[in-house]
Amino acid sequence: MSRKIPPVRRRLLTVTAVGAATALALVGCSSPAANQASTQEFTGKYDGPAVELSYWNGFTGGDGPFMQQLVDEFMQEHDNITIKSNTIQWADYYQRLPAAVTAGEGPDVGVMHLDQLATNAARQVIVPIDDLAEALKLTEDDFTKEVWDAGVYKDQRYGIPLDVHSLAMYYNVDHFAKAGITEPPTDRASFEDALAKLQAAGFATPFWMPTRWPSHLINLSLLWQNGGEPYSEDGGKATFDSEAGVAALDWQRSIVDKGYSPKDVAIDSQYVAFKNGQTSITWDGIWQINDLTASGMPFATAPVPTIGDEPGVWANSHHFYLPRQAKPDENKVTAAKVFIAWMSEHSGDWAQSGMIPARLSVRDSGVLDGTVQEPIAEQIDNMRFLPPVPGVGTVQAETLEVAVANGVLGKSSPEDSLKTEAKKATQLLEKNLKSFGG
Amino acid sequence: MTASTQVTASREEVAAIPRGKAATGPGRRRGSRLEHNPWTPWVFLAPYLVLFGVFVVLPALLGLWISLHSWDYTLPLKPFVGLENYISLFTPDSINYTDFWASMRATAIFTIFSVPLLLAIPLAVALMMNQKFPGRNFFRAVYFAPYVLGVAVIGVLWRYLLDSNIGLVNYYLGLIGLPDDTAWTTSTPAAWVALIGVTVWWTLGFNAVIYLAALQDIPGELYEAARVDGANAWQQFWNVTIPGLRPILMFVTLITLIASANMFGQSYLMTQGGPSRETRTAIYQITETGLRNFQMGDAAAMSYVLTLFLMVLSVVVFWLFRERKA
Chain A
47 MSRKIPPVRR RLLTVTAVGA ATALALVGCS SPAANQASTQ EFTGKYDGPA
97 VELSYWNGFT GGDGPFMQQL VDEFMQEHDN ITIKSNTIQW ADYYQRLPAA
147 VTAGEGPDVG VMHLDQLATN AARQVIVPID DLAEALKLTE DDFTKEVWDA
197 GVYKDQRYGI PLDVHSLAMY YNVDHFAKAG ITEPPTDRAS FEDALAKLQA
247 AGFATPFWMP TRWPSHLINL SLLWQNGGEP YSEDGGKATF DSEAGVAALD
297 WQRSIVDKGY SPKDVAIDSQ YVAFKNGQTS ITWDGIWQIN DLTASGMPFA
347 TAPVPTIGDE PGVWANSHHF YLPRQAKPDE NKVTAAKVFI AWMSEHSGDW
397 AQSGMIPARL SVRDSGVLDG TVQEPIAEQI DNMRFLPPVP GVGTVQAETL
447 EVAVANGVLG KSSPEDSLKT EAKKATQLLE KNLKSFGG
Chain B
1140 MTASTQVTAS REEVAAIPRG KAATGPGRRR GSRLEHNPWT PWVFLAPYLV
1190 LFGVFVVLPA LLGLWISLHS WDYTLPLKPF VGLENYISLF TPDSINYTDF
1240 WASMRATAIF TIFSVPLLLA IPLAVALMMN QKFPGRNFFR AVYFAPYVLG
1290 VAVIGVLWRY LLDSNIGLVN YYLGLIGLPD DTAWTTSTPA AWVALIGVTV
1340 WWTLGFNAVI YLAALQDIPG ELYEAARVDG ANAWQQFWNV TIPGLRPILM
1390 FVTLITLIAS ANMFGQSYLM TQGGPSRETR TAIYQITETG LRNFQMGDAA
1440 AMSYVLTLFL MVLSVVVFWL FRERKA
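In order, the protein sequence lines correspond to chains A and B.
Basically our numbering = 1-based index in the first sequence + 46.
Basically our numbering = 1-based index in the second sequence + 1139.
Worth flagging that the hints you see were computed from the coordinates, not collected in a lab.
Note that the Cβ used here is the ideal one computed from N, Cα and C, for glycine as well.
Please note that the accuracy of each hint is not assured.
Claimed, not checked - Once the Cα atoms are required to be at most 20 Å apart in a straight line, the calculated EDC-like pairs of lysine to aspartate or glutamate come out as:
#, chain 1, residue 1, chain 2, residue 2
1, A, K469, B, D1238
2, A, K457, B, E1360
3, A, K304, B, D1320
4, A, K283, A, D462
5, A, K243, A, E275
As the list claims (entries may be wrong) - Reference listing, derived: stretches of chain A covered by chain B, where coverage requires no fewer than 3 residues with Cβ under 8 Å from a Cβ of chain B:
#, stretch
6, 362-372
7, 445-452
8, 462-476
Input sequences plus hints: build the corresponding full structure.
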């Protein structure tokens, strides 16, 4: 018997996720490096020896090829800078980046979402780049205020905005034509009227209500439309269980109850169903535009209708950042800044990826004319963003996403599920405030 | 075997497995002319001990150390909190209490239902594959094939197959007149049926192969003797096959138990822990707490509690399979 045991031991010896993380923690106990970004004045040019920059991003969707195209273009113009892209799914990205940076194996430059900037600034994963914003002559009036302000944590700038992307309404043009709908719906009455017409035209379930991603983004959009706020200003309390939030989830559930959506829409299936023509309308991010265009299906986009009292839609933004380095290399830091500056100036080309350039001057230059996302971009003033609170992203994934799923599934009433999860979110936020030092 | 992730700590209890005769060591023969230096066995063991120390003992001790702190590896301050992380796991109104014990319950449900199936079905398959028939090797390969696939592949594959609205499984069930609206991934108990079914389909080949090897080790003379004594097929199975398999049964039970208790990938990919957090297993909860929320102190404490449960379970298995003196 005993000779049969060694294989077990070998199996269990495999280095495992938790084990690996522990090992990372071991290496990563060094104290944070000094503010590397301000050691050398940034002049906008890089004339030093050839450097290779590792560039981390999460453009795994239809946006990926366009980013690579931009990177190639940049390298053609800059002989002494080579960019090595590393593309990781966003969900894994935010888990790996702190580990890599803490272990001294982080990238030289990267892109992250607006709602992750404060978290990573507080964790000292990224460093301030005020001098870069100044050198680029970037000013507040060239950006939407919330996007610009979100790059600031404790009076220092950490992110340079690249784009803005929001939720949008996608609809099947053929279905709309058959149902005799000529204009995309804009408010609750016209939206529900459209759903009824689509059903009458033989499309039994015209609007599949997802239970998971992006259901919580729909919920946030509606909450803002109802005049609510998901979190208190200081980031210490979750308020997504307010009347505005409950009304939002009630409406989401009502789509299922009224039969416009089948029950139990599992992750991603509403999107697959839309591509297959099984459903007529879906609300998803504008980053899906290229994927839908490639699929060849007849679709169009419109802003998310105003179901509540005022227009409002969830949005997010990609920002460039510089990660903390164990041993900062001045040449690499300067080259990375040149890269960010170039990208910011070329953000108009990035519009082809389906995104909306963050800079007003770029948007007004006509790059969006005739694009699929043009009608969405016009609504940029109605876009709402998560507040720059450290740790809010993970708290939301742990709580609001579960609450919305439960509400849409009908496992518990919208009010109960939001109340339970908001209580938990507040506990987590309080814990965060404590560990990040307020 | 089912899990793609295993807790550092769970290795510990493997170290507790008695090594049998191997542990008594060489060179103790009385009257031997060569007197061994007491360090000799250690020198021979050294290469393995280094690996064992660096990858098993050290992480386990470090885990214990982390569990006594409020540990976020990205923050400079990692305050010592003593047993607070453990206490909070047993305090009903703490943040972690409800979710942790719910996840332990999920792990228990999965283990209780998957282990018996993973012990019985592979045995049946192995008995079948042990017969002589044309195409035997082909069928052996077929049963083992799913095990070759990674959890990511089978997770994503079955997530779409089992989708309640666009999945093939419900479509075919509808074609043959059965209910076609079962929410395999978004409602319980259907989600458990799905998770356990997929896991059995995925990993039965591994246990079957081990059984098969053991079956081939049982001497043919024993069956012959049994037949001479007039034993029928069932009596042969019960009195020859099962006792012959006993050592291997313990091994299979133990690894299946540990693997099931460490289930993570299937529910992460197929149900996202849902509906609500009902199919979120202990490892899932530990991963979320430690790697996504960076509360590694809490996560390490959870790992140690899970380890304790697994150690107790292993002892029970050893006791059940102990050599009974007739």
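### Query
Per the coverage rule (Cβ-Cβ under 8 Å, at least three residues), is the stretch 362-372 of chain A covered by chain B?
Answer violated; 0 residues pass the 8 Å Cβ test.
### Query
Has the given pair, K457(A) with E1360(B), been kept, meaning a C-alpha gap of at most 20 Å?
violated, 60 Å
### Message
For K243(A) and E275(A), compute the direct alpha-carbon distance and say whether it is at most 20 Å.
### Response
Distance ~33 Å between K243(A) and E275(A) Cα, so the pair is violated.
### Query
Under a C-beta cut-off of less than 8 Å, do 3 or more residues of the stretch 462-476 of chain A approach chain B closely enough to confirm the stated coverage?
That given contact holds, which follows from 3 residues of the stretch 462-476 of chain A lying within Cβ reach (below 8 Å) of chain B.
### Query
Going straight from one Cα to the other, do K469(A) and D1238(B) come out at no more than 20 Å?
holds, 14 Å
#### Entry: Restraint status (C-alpha distance of K304(A) to D1320(B) at most 20 Å)
holds, 18 Å
### Query
Counting residues of the stretch 445-452 of chain A that have a beta-carbon nearer than 8 Å to any beta-carbon of chain B, does the count reach 3?
Answer holds; 3 residues pass the 8 Å Cβ test.
### Query
Is K283(A) within 20 Å of D462(A), Cα to Cα?
holds, 17 Å
The earlier numbered hints that this structure contradicts are 2, 5, 6.
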